[in-house]
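*Asks:* Can you make the complete structure from the sequences, with help from the hints?
Take a look at the letters that make up each chain.
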Amino acid sequence: MALQRTIKSFCMVISLFAVGGCLESYYPPATNERVGYLVVDGYLNTTKSVATVKLSRTLGISIAESFPEESNAKVSIESDQGDIYPLNEMGNGIYSQTGINAQDGKSYQLHIKTSDGNEYLSKNIQFKSSPSLDSIIWKPDADGITLHVNAHDDTNKTHYYKWNFVETWQYTSTFFSYFKFVDGVPTPRTPADYIFNCWKTAHEDQVLITSTVPLNADVVHDFPLVTIPRGSIKLSHRYSILVEQRALDDDAYNYWSLLKKTTENLGGLFDPLPSQVTGNVYNINNSNEPVLGYFGGGNAQEKRIFILFSDLPDHLQTYSTGLYCTQGLVPVGKLSANGGQVLINAVGTPVPTDFFVSTPDCSDCRVNGGSTIKPDFWP
Amino acid sequence: MSGEFNSLSFEQFVARIEQQTDYHFLYKKEWTDSLSITLNVTNEKIEKVLDLAFTGSDLHYSLYENNIYVIKGKQLFTDLPVDYFNEGKASTREAFAFDYSDYEKQERLKKQTEQKLIPIGTKSNDLQGTATLTGMVKDIKSGEAIIGASVFIESPMIGISTDQFGRYSLTLPKGRHEIKIKSIGMKNTQRQIMLYSNGKLDIEVEEDITPLKEVLVQSERDVRVTGMQMGAERLDIRTMKQMPLALGETDVMKVVLTLPGVQTVGEGTVGLNVRGGATNQNLLLFNDAIVYNPSHLFGFFSTFNPDVLKSVELYKSGITADYGGRLSSVLDVQSREGNLKKFSVSGGISPITGRLMIEGPIIKERTSFIVGVRSTYSDWILKQLKDPGLKNSQASFYDITANLTHKINENNSLSIAGYISQDKFKLNSDTSYSYSDRNASIKWKHVFNPKFYSVVTGTASKYSYSINSIQNPINAFDMDFSIQQLNAKADFNYFLNPKHNLTGGLSTIHYRLAPGNFKPYGNESLVSPDKLQNEQGEESAIYIGDNYEVTPKLSLYFGLRYSFYQFLGPKDVYTYPEGAPRQETNIQDTVSYAAGKPIASFSGPEPRISARYILSSSSSFKVSYNHMRQYIQMLSNTTAITPTDTWKLSDQYVKPQSGDQVSIGYYKNMKGNTIEFSVETYYKLMHNTVDYKNGAVLLLNHHLETDVVNARGKAYGVEFLIKKSSGRLNGWISYTYSRSFLQTKGAFPSETINRGEYYPSSYDKPHAVNFIGNYKLSRRVNFSLNLIYSTGRPITLPIAKYELEGTRRVFYSDRNQYRIPDYFRSDVSINVEGNHKIRKLAHSSWTFAVYNLTGRKNAYSVYFVAQNGVINGYKLSIFGQAIPTITYNFKF
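So the sequence lines, in the order shown, correspond to chains A and B.
If you're matching positions, the first sequence starts at 83 in our numbering and goes up one per residue.
If you're matching positions, the second sequence starts at 2 in our numbering and goes up one per residue.
If you're looking for bench data, these hints aren't it; they were derived computationally from the structure.
Glycine residues also receive a C-beta, built at the ideal position from the N, C-alpha and C atoms.
Please note that a few of the clues may not be correct.
Below are the DSSO-like pairs computed for lysine-lysine, each with C-alpha atoms no more than 27 Å apart in a straight line [to be verified]:
# : chain 1 : residue 1 : chain 2 : residue 2
1 : B       : K532      : A       : K342
2 : A       : K342      : B       : K520
3 : B       : K746      : A       : K342
4 : B       : K73       : B       : K46
5 : B       : K746      : A       : K205
FRET-style restraints, in silico, Cβ to Cβ [unchecked claim]:
#  : chain 1 : residue 1 : chain 2 : residue 2 : range
6  : B       : G856      : A       : Q399      : 57 to 67 Å
7  : B       : P822      : A       : T454      : 47 to 57 Å
8  : B       : D823      : A       : R116      : 19 to 29 Å
9  : A       : N232      : B       : A489      : 52 to 62 Å
10 : A       : D393      : B       : N473      : 26 to 36 Å
11 : A       : P150      : B       : Q589      : 41 to 51 Å
12 : A       : P457      : B       : P822      : 44 to 54 Å
13 : A       : V449      : B       : F825      : 49 to 59 Å
14 : A       : I145      : B       : P822      : 14 to 24 Å
15 : B       : A489      : A       : Q208      : 58 to 68 Å
*Replies:* Structure (structure tokens):
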């Protein structure tokens, strides 16, 4: 990383003068403290009439544990006109409810009672309609492709846009495993057992927002969502992206842009100063308690596209997997079900005498994090 | 007597004289047998004849009654010292060349001048009323003016300190007085005068050569108690040269940092924090011209070449009305005037730098010059290294200081000074940084009459930096920043009467700021150029002040400055709707202003008041109140790897800063003024200081007003100082307790920091202890020790991580809620002088020093970097180990 290299040479130059070591990791004691602030990630999607709220807790910076989920909380969404929609706990800190009939002109707030007796409210929000998502396009260049989104609002009311996406791609392992061990005995796989084709998903890792305020028209033109480098396994067979578009109000836009600024770029010359970002949820008895995350809502718009390997221009039709993969031929008697070997295929008919074997990373696509279950939307 | 003597032996000569006169010679034959005398005299006195006869020999004579004693080597005194009985008649006989030692000769001359009664003015018998004595205090060797020397009489106590031209003016009762003169680094002296009417007396004082005499760290001893000024420190270059050095260089800024009430955010940052003020609130003047960045090479060195420096004065409170434009302090650095009498060269070599200074007269006694150059050969060292990372790195700097002074006549003098400092560093071919500070000043002093003089000064300053990155040809860029200012001012000084000294003047400054020009670098670069609009401003001021001595014990100073500022076009200015937060998304309109059109105007009075009351002959009590206004601010990002800063002129959104300070001090001298004790306390309020909104971006920001808010500040503290200025062991120890807070409470959440509560500023360091000590082992060897401790500065820490929308984020603490580890440093040095023979080609000295003896890794920069979704914290320390250096200094 460029920054790292700069730091390194900075240290070298300094050490020339000062004879001393220079850079060290710095984690003051405060970064190890267990400060379990409540994190609220909530959205009421009026298009689908679904509200989903995820509750979790913060962790000290240098504590390597999974984030604590907040269970046994009472969560509801309440309108200023007395409508109350309780949310059901779904496990993993997720609370959800369908069939919420949110209406324009009403304002809504999130109400949380945690099991430790604290009570939280979000600020009142009014839902803002998102115009339709016009198109998702991709553009190739020498190093890969970039996906862009286009949208516009003829009524000139949206101004602030936010996108979330889920990308899914199909990929395969290098070798096709036709056999598996069943009780230590090589047995042919059925199609349901095949571990050759996998589907993997990922979501955006940045806050994707834009403002059309500086423009004459409320038009988003080719906003870049994600770049996929040439040779990426994502494009090796079929790739799909589902983009959700939300309209933001001023407050939400400010929250997300500050969050983006202060957690995505830091330490460089042109980067912002670090600072605290709290959202629109507060403890009703202690407004000084930091509560992180944001509760929003509106009629989110969705669109999905697919990209096939064969759609790519010639120079991008390449991917590198399995170059290091090899197979070995092992006599039946020497096979070991516990040795990390994956059976590829059998030699000898009708009774196999030997098996081609390989390692899991070359013959089991699940090793790379995907699932062999084909998603519903996959053609 | 008369006569013609032709190649006579001494015996023959004696016989001839004894024949003609009643004199009788007493001498030793073996001393005189080599002498041959050829003379032709008519009607000359015997003394004259003997003078001529002994010319060129080492013989001396003394007349006593009718005997003439001839002695080899030494002269026998038969007279009491000149004017011993104050008969007012000067001796007609001149003293002989004196072959004992120059030192003793000087001492004797000095004694003579000190004891001789000097008549001032036209003699008369009327000794009623008062008369004014004016003149200059000068260095006897170089003819250079001595600034800040105290010139006073003791009964009644009337005194003044010399101004920046070494001038003084004293109104005294007519009659006989003993005038005393005291000054830092110079020997104390006195003059006996008989004041008949207004007149002039120039006083030459001798440099107090450290190795020979006692004084090492000497302040204006009595001045601390009896002087009007409070909250001020005056450091002489001789004092500073005694301190242990980092990397073999005397460093003004590092010395200033050891004074109570002065702190810095970190080793690598530019500038000082004086009494809880921000770094941009110091008026840093070098020969009257502004310096914006006084540090070389990440703060390793200050940009002032020690060889050319004369003095540094720091005013923390009690700032007089002639200074303005910054809230916290004035740091006035003056370079020396060249030697008016002879040429001299001096220099030094350390592991990293070399420096050279040349000075001398152009027209003897009237025009002189001094030029100092300093540079580093680190670039050359880097090139020699094998490591490609270092080979491709660059780190270099230089500075040049030049000063020309010319005395046009008795009443007019002119000085011209110039200064350039340039820095450049590049790290592994990646990003190169360069910055440069340059200024020039011209100063004309005119004396209308002994009571009234004026100084007209013109200065120009420019500070610029550029950042250049070529790491990736596609993203290669070049960013430039510059600020320049032109300043003209006139100051007047009028000694109205013994009780009133009036000052007044006007000044105007024109600013021109190019806050950022971002350009693609190279042909391949795809970076789109971005240029911020220039900013212009005009700051003018008029002031008047009166130093009023109410009684010998009570003195008052009243000053009033009125400043007026305009932010000028051409500029396109964004407008924001009323009642909405100022943010990019709320930009409503753009208004264009033509060149020279005022966009915003501010003005206000700045009263300055101080009082001194003498409690006893060795103690006093002082109070002062200051109001200051500031129309330019610096925004600094100290959390980046290499701290960068940008300046901003006040405009309709970023309001001018103003500040009030009340300060009270008690001063006590003990043991015959050798030990000074002082305690000063202050309370300060600052209005409209700059603070950053959360997530502020400072560089290349087209609308800084959306990222910067005006804050309130308050600071208070107490400073203790004990200073021992003479003896084998000397130095000072100081303890400061100080706090500094900011409050940012805007109408909108985005303009409010830490819920609108007061929070510690980035330079709030409550405890600071400094010890500076010198111990003289012998006349040639002295040992120094510095111990510097301060609380770590506040910092905003990432304290928690969390997951939002499936991505990891970091949560920061309240602003400045935590602190970095405390700062501690200890330095030692040993200074070894060459021998002290006066007559030798070059005087030299060696300095062995260890900087940061304990090797503590004090933080230069603490920052957090977002790397692949993970926040990593780093602490960068420059002086992470003990750093030994050897320096060789020479002078001839």
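*Asks:* Take the hints in turn and mark each one as holding or not.
*Replies:* Evaluation of the provided hints:
no.	hint	in the structure
1	B:K532 - A:K342	holds, 25 Å
2	A:K342 - B:K520	holds, 26 Å
3	B:K746 - A:K342	holds, 24 Å
4	B:K73 - B:K46	holds, 22 Å
5	B:K746 - A:K205	holds, 21 Å
6	B:G856 - A:Q399: 57 to 67 Å	holds, 58 Å
7	B:P822 - A:T454: 47 to 57 Å	holds, 53 Å
8	B:D823 - A:R116: 19 to 29 Å	holds, 26 Å
9	A:N232 - B:A489: 52 to 62 Å	holds, 58 Å
10	A:D393 - B:N473: 26 to 36 Å	holds, 30 Å
11	A:P150 - B:Q589: 41 to 51 Å	holds, 45 Å
12	A:P457 - B:P822: 44 to 54 Å	holds, 52 Å
13	A:V449 - B:F825: 49 to 59 Å	holds, 53 Å
14	A:I145 - B:P822: 14 to 24 Å	holds, 22 Å
15	B:A489 - A:Q208: 58 to 68 Å	holds, 59 Å
The structure shown violates none of the earlier numbered hints.
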